[in-house]
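Novice: Could you put together the complete structure from these sequences and hints?
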Amino acid sequence: MTDQLVIGGHPFNSRFILGSGKFSLEIVKAVVENGGAEIVTLALRRANQGGEENILDYIPPNVTLLPNTSGARTAEEAVKIARLAREINCGNFIKVEVIKDSKYLFPDNYETIKATEILARDGFVVMPYMYPDLNVARDLVSAGAAAVMPLASPIGSNKGLSTRDFIEILVNEIPVPIIVDAGIGRPSQACEAMEMGVDAVMCNTAVATAKNIPLMARAFGQAIESGRNAYLAGLGRVLNQAEASSPLTGFLED
Amino acid sequence: MAVKRTDPLAYQPGMAIITSEILDKVLKNVDNYDYSKISARDVEEALKKDHLSMKDYGALLSPAATPYLEEMAKKAVIETRRHFGNSIGLFTPLYIANYCENNCVYCGFNCKNKIRRGKLSLAEMERELEAIAKTGLKEILILTGESRHHSGVEYIGAAVKLAAEYFATVGIEIYPLNADEYAYLKKCGADFVSVYQETYNLDKYQQVHLSGPKRVFPYRFDSQERALMGGMRGVSFGALLGLGDFRKDAFATGLHASFIQQKYPHAEIGFSTPRLRPFINNADNNPNDVHEQQLLQVMLAYRLLMPFAGITISTRERAGFRDHVIGMVATKISAGVRVGVGGHEQEEKGDEQFEISDPRSVSEVHQMILNRGLQPVYRDYIRV
Numbered sequence: 307m308t309d310q311l312v313i314g315g316h317p318f319n320s321r322f323i324l325g326s327g328k329f330s331l332e333i334v335k336a337v338v339e340n341g342g343a344e345i346v347t348l349a350l351r352r353a354n355q356g357g358e359e360n361i362l363d364y365i366p367p368n369v370t371l372l373p374n375t376s377g378a379r380t381a382e383e384a385v386k387i388a389r390l391a392r393e394i395n396c397g398n399f400i401k402v403e404v405i406k407d408s409k410y411l412f413p414d415n416y417e418t419i420k421a422t423e424i425l426a427r428d429g430f431v432v433m434p435y436m437y438p439d440l441n442v443a444r445d446l447v448s449a450g451a452a453a454v455m456p457l458a459s460p461i462g463s464n465k466g467l468s469t470r471d472f473i474e475i476l477v478n479e480i481p482v483p484i485i486v487d488a489g490i491g492r493p494s495q496a497c498e499a500m501e502m503g504v505d506a507v508m509c510n511t512a513v514a515t516a517k518n519i520p521l522m523a524r525a526f527g528q529a530i531e532s533g534r535n536a537y538l539a540g541l542g543r544v545l546n547q548a549e550a551s552s553p554l555t556g557f558l559e560d
Numbered sequence: 101m102a103v104k105r106t107d108p109l110a111y112q113p114g115m116a117i118i119t120s121e122i123l124d125k126v127l128k129n130v131d132n133y134d135y136s137k138i139s140a141r142d143v144e145e146a147l148k149k150d151h152l153s154m155k156d157y158g159a160l161l162s163p164a165a166t167p168y169l170e171e172m173a174k175k176a177v178i179e180t181r182r183h184f185g186n187s188i189g190l191f192t193p194l195y196i197a198n199y200c201e202n203n204c205v206y207c208g209f210n211c212k213n214k215i216r217r218g219k220l221s222l223a224e225m226e227r228e229l230e231a232i233a234k235t236g237l238k239e240i241l242i243l244t245g246e247s248r249h250h251s252g253v254e255y256i257g258a259a260v261k262l263a264a265e266y267f268a269t270v271g272i273e274i275y276p277l278n279a280d281e282y283a284y285l286k287k288c289g290a291d292f293v294s295v296y297q298e299t300y301n302l303d304k305y306q307q308v309h310l311s312g313p314k315r316v317f318p319y320r321f322d323s324q325e326r327a328l329m330g331g332m333r334g335v336s337f338g339a340l341l342g343l344g345d346f347r348k349d350a351f352a353t354g355l356h357a358s359f360i361q362q363k364y365p366h367a368e369i370g371f372s373t374p375r376l377r378p379f380i381n382n383a384d385n386n387p388n389d390v391h392e393q394q395l396l397q398v399m400l401a402y403r404l405l406m407p408f409a410g411i412t413i414s415t416r417e418r419a420g421f422r423d424h425v426i427g428m429v430a431t432k433i434s435a436g437v438r439v440g441v442g443g444h445e446q447e448e449k450g451d452e453q454f455e456i457s458d459p460r461s462v463s464e465v466h467q468m469i470l471n472r473g474l475q476p477v478y479r480d481y482i483r484v
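Chains as they are written, first to last, in our numbering: chain X, 307 to 560; chain B, 101 to 484.
It is worth saying that the hints were derived from the structure and are not from the lab.
These numbers were taken from a predicted model, which means no experiment stands behind them.
Note that beta-carbon positions come from the ideal geometry of N, C-alpha and C, so glycine has one too.
Wrong hints could be hidden among the right ones.
Stated by the list, open to error - DSS-like mimics (lysine-lysine), calculated; alpha carbons at most 25 Å apart, straight line: (1) Lys-363/B / Lys-287/B; (2) Lys-406/X / Lys-287/B; (3) Lys-149/B / Lys-465/X.
Stated by the list, open to error - Which chain X residues stay away from chain B? Per the calculated CB distances, all over 12 Å, these: (4) Gly-542; (5) Ser-552; (6) Gly-556.
Specialist: Shown next, in the form of structure tokens:
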């Protein structure tokens with residue numbers, strides 16, 4: 307049985323999406339390979355075409371680029387950045403990030419929906435970064451989102467699944483892939499998200515701030531795979547008290 | 101004969117007044133900040149927290165925090181890495197003119213100083229910009245002295261337009277403007293504005309800013325707010341540490357930035373930390389002297405107060421200091437710096453504002469960043 311992640315009709319074998327903006331470019335390749343990531347995000351604003359230290363020169367050619375619109379404060383700006391990404395051959399995938407708060411970097415759900423609608427119509431595979439809200443997720447799907455990317459905790463906080471219950475609702479209700487983005491700090495948290503049934507996990511800071519970055523990428527890759535397998539296997543029930551091993555209703559005869 | 105000075109609170113003709121509560125809030129809190137009453141325990145409490153209160157911030161700036169510098173640094177590295185990874189932004193300043201109408205006692209551009217004055221023509225500017233662009237840089241900071249006569253807003257606008265053709269990011273460090281003038285420069289291609297209050301102590305402020313537009317304390321104070329009203333993306337703050345009581349000035353700077361961020365949550369916030377160096381071998385050990393230790397304390401306190409803010413380390417500091425603070429607390433470093441007017445491609449047309457301590461080229465600084473396991477970042481902005 308193949309278990310693939312399908313985003314906008316594109317199949318992927320790995321469910322680990324790697325952020326690239328917080329570690330040295332020279333190790334990007336090693337990190338991608340160790341983590342087994344097939345999708346790598348990059349801030350388009352960092353792309354330094356024809357210039358020094360251009361991140362695009364360091365991402366291995368076999369991975370799918372997921373440029374993000376970081377820096378955009380409105381839907382209009384996000385749309386402009388997405389189109390620039392396409393112009394410089396970053397492909398059709400776009401992670402919509404609209405952020406109007408420099409302190410917590412929380413996404414603006416309202417502007418995100420607007421940008422998603424325009425970009426989906428424009429033929430992009432749109433993956434919006436969002437605050438986990440069921441109504442917003444539904445609107446994003448109606449607007450043409452190929453996946454939704456709810457935050458687990460504030461970006462960079464490494465706090466794990468602070469929004470667990472709300473993400474779980476999205477998992478139950480939303481028909482497109484749910485990709486947990488932002489705030490995952492440990493492989494065990496990534497594993498927990500996967501066990502819960504999210505479709506993929508995106509990580510940046512937790513990998514980038516490790517002492518051995520490629521090794522941490524490997525740990526995340528393994529945790530994500532393990533969590534996925536646990537989800538597919540079907541977790542046993544977890545009970546707070548002991549359960550009688552003989553069934554209570556075993557006496558029934560006909 | 102005593103010279104009669106103007107009231108530093110009185111606006112001069114042409115200066116637009118905006119309604120803002122921030123000045124009063126900052127000054128009131130600074131008045132109440134008594135760092136002599138802060139204990140080691142207050143510092144320890146502050147170090148336990150993820151989000152600093154005003155009191156915690158004051159504790160980290162106090163003399164009681166001196167023995168905790170190492171702990172502060174350890175915490176700062178974590179915060180800096182969390183928010184910026186190992187990225188270090190590179191940029192260079194370009195002084196386009198050094199005419200000045202201000203009489204500020206500490207400044208090389210002081211209008212009373214007999215220095216060589218000059219300004220770049222557009223053609224000269226273009227040659228400078230081209231030469232800088234060849235080093236690979238994508239971010240530039242345009243600077244002038246304060247002279248609406250010699251370097252007016254239109255002249256600066258022309259410089260910004262030209263710079264925007266060569267650079268992804270154009271910042272300006274010029275005299276304070278009205279909001280509509282900031283909007284004009286934004287349209288020309290500038291997105292970031294740096295204005296330094298120098299000192300937040302009004303008495304000291306008027307003692308050192310004797311005349312000229314800069315004498316007007318509140319107009320300068322509200323610059324960042326007017327810049328944001330004019331549509332700028334980010335604003336930088338700074339006190340000239342050592343001019344007044346550096347602890348109080350740093351406290352005020354942090355509050356100023358915090359209140360602006362609360363009111364304009366989208367604004368990108370930056371800090372710079374220029375200082376007046378203490379005289380070497382000065383037997384009188386002035387508690388308000390800003391040695392490297394005190395400078396680092398201020399930088400660390402800024403970082404812990406606002407983990408998401410950019411902090412720039414200037415070439416006024418020696419290479420060894422700069423190399424160690426990047427990645428720990430600073431996120432941006434200048435390179436290939438000339439502080440005279442022009443001087444990147446042709447001979448300088450005017451004298452320097454101050455002397456630099458780190459003359460390294462862009463490629464040398466680039467290599468140093470790599471050697472420290474950090475990542476030089478040339479481009480980090482899209483003008484949309």
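Novice: State for each hint whether it applies.
Specialist: Right, here's what the structure says about each hint:
Only pairs whose Cα atoms come within 25 Å are accepted, and Lys-363/B paired with Lys-287/B is accepted, the gap being roughly 23 Å. Straight-line distance between C-alpha atoms of Lys-406/X and Lys-287/B comes to about 20 Å, which keeps the hinted pair within the 25 Å bound. Annotation: proposed proximity of Lys-149/B to Lys-465/X holds, straight-line Cα distance about 15 Å (limit 25 Å). Against the 12 Å criterion, Gly-542/X stays outside the reach of chain B, whose nearest CB is about 36 Å from its own CB.
Listed as a non-interface residue, Ser-552/X keeps its Cβ farther than 12 Å from every Cβ of chain B; the least gap is roughly 50 Å. At roughly 54 Å, the least C-beta separation between Gly-556/X and chain B is larger than 12 Å, which holds for a residue marked as non-interface.
Of the hints listed earlier, there is not a single one the structure fails to meet.
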